[in-house]
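Please construct the entire structure, taking both the sequences and the accompanying hints into account.
First to last, the protein sequences are chains A and B. Take the first sequence: its position 75, counted from the start at 1, is 75 in full-length UniProt numbering, and no numbers get skipped. Take the second sequence: its position 107, counted from the start at 1, is 107 in full-length UniProt numbering, and no numbers get skipped.
Anything over 12 Å on all C-beta distances counts as not near chain A; from chain B, calculated:
(1) Asn2
(2) Asn23
(3) Cys34
(4) Glu113
(5) Val116
(6) Lys118
(7) Ile130
(8) Glu133
(9) Asp140
(10) Asn157
(11) Val182
(12) Ile189
(13) Lys205
Derived CB-CB ranges, DEER-like:
(14) Gln156(A) - Cys3(B): 27 to 33 Å
(15) Ser18(A) - Gly184(B): 49 to 55 Å
(16) Glu33(B) - Ile10(A): 54 to 60 Å
(17) Ile95(B) - His43(A): 48 to 54 Å
(18) Pro88(B) - His43(A): 40 to 46 Å
(19) Asn62(B) - Arg88(A): 22 to 28 Å
(20) Gln38(B) - Ser18(A): 53 to 59 Å
(21) His43(A) - Cys3(B): 42 to 48 Å
(22) Ile60(A) - Ser58(B): 24 to 30 Å
(23) Ala93(B) - Phe63(A): 37 to 43 Å
(24) Ile60(A) - Val115(B): 56 to 62 Å
(25) Lys205(B) - Arg55(A): 51 to 57 Å
(26) Leu126(A) - Glu6(B): 30 to 36 Å
For the record, the hints were derived by calculation from the structure and aren't laboratory data. Note that CB positions come from ideal geometry on N, CA and C, so glycine has one too.
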Amino acid sequence: MDQFIRDKIIEVKKGDQSAFEDVVNYFQHKIYQHCLRMLGNAHEAEDIAQEAFIRAYINIESFDEQRKFSTWLYRIATNLTIDRIRKRKPDFYLDSKIKGTEGLDMYSQLPDQGKLPGEEVESLELKRYIHHEISELPPKYRSVITLRYLEEFSLQEISEILDIPLGTVKTRIHRAREALRKRLRHV
Amino acid sequence: MNCDKEAVELMHNYLDGDLTKENETALRLHLEECEKCQQHFHELKRTLTLIRSTEHVSAPANFTANVMNNLPAEKKSVKYKRWFRAHPMLTAAAIFFVFMMSGIFSAWNQGSELVVSKQDNLVIKGDTVIVPEDVTVEGDLIVKNGNLVVRGTIDGNVTLVNGKLIEEPIQGEGLMASVGEVNGELEHIDQIFEWMWFHIKSFIKNIFDF
Ligand SMILES: [Zn+2]
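Structure below.
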C-alpha cells in the first residue's frame, strides 16, 4: 500500500489531480478520526480533515518523497486541529454540549438503547466515556495519545509528525498515560 | 527503589519498549514486593487496553468528493492529456480532423497558379477564365486564383477562390452586368477560413451522399 500511495503522489506532483482522489480515499477515515479525537466535534472534524487534504494537495511540491506520506499528512492535520483549538471561543464547549452531537451526550439521544443487550450498551457507554476522557486532556497530550494508541504510530514517527524531539514525545506520553490512568482507574 | 521516581519511570520505559534487560529485572523484583506499584502498573496497562478499545469512526459519506470539489483547478495540459486517454475514439477523430485541416491548409498554400475545375470549351486568357457565349457548363465550376467572365451559361454553382467575377459593360446600355447566366449560386471565397469552411461543407456533404 505504501508503494501505491508513493506512485499516486508522483502522479499528483506531475499535475494529475485525479490521482489525489485515491490518496484521499485511502486516508479519509484515519484523518477524519484523528481530527475527531483531537477536536471532539464531528462538524469541526470534517471541516479540518478536508482542509488538511486540500493543504496537502496545494503543498505537494514541498513533500519529500523519501519520507512517509502518512507522517506528513498527519502533521498537517494535527497542526490544523491545534490551530482550531486555539482559536475557539471560550463558550465553544457549552455550545457543543447544547447541540449534543458528540461525546457522552450522544448516548442519551440514542432512541433504541433499550433494545440493545445490556452488555453492548455498557460497552458503548464505556467507549464514549473513554473517548470523552481523552478529549479532556490538554491538546499536547491528546495528540500523542491518539497518534500512539489509536493510529499506532511509533514514537519516532510521532516525533516527526509533531516536529518535536523524541525525548519530548516520551515525556508527553508518560504524562498523558498518567493523566488517563487517574481518570480511568475507577471505570 | 523509589516508587514514584524510579519504579514509575521504569514502567513507562517498559511500555515504550525502552527498557534494558537489567532494568526489567529490577522492575520485576520491585513489583513482586510492592503492592502499590503493582496496582499502578496494572492500572497503566488497563488504561492502554481501554484506549485501544474505542471504536473506529468513518469519515462522512461524501468526504472524498467534497475534498476533490474544493481543490484548486489543475494545469490545463494535464486535464487534456487525461481526457484524451479516457476518450481514445474521440481523440482519433480529433487527430483526423486536425490532419484534414492541415491538408486543406497546404492545398491553400499550393502556389498561386490558376486552377479550374472544368476545362472543356472554356477559354483561358492569362488569369482569366472565359465561358464563351455558345458554351453551357454542366455542373459546378470552381475557379481558383483567377477571374471569371461568363458569356455563356453555367448550369450549376460557381465558386471563386481568390478571384472575382468580371462584369462586362453591355454594349449600348452602359450598365455593368454579366452577359451570361449562372443558374446556381455564386460564391466568393477570399479568406483561408472560408476556404476551409467550404472544404468542410463538401467533406460532410460527401459523407452524407455516400
Ligand atoms: Zn513501589
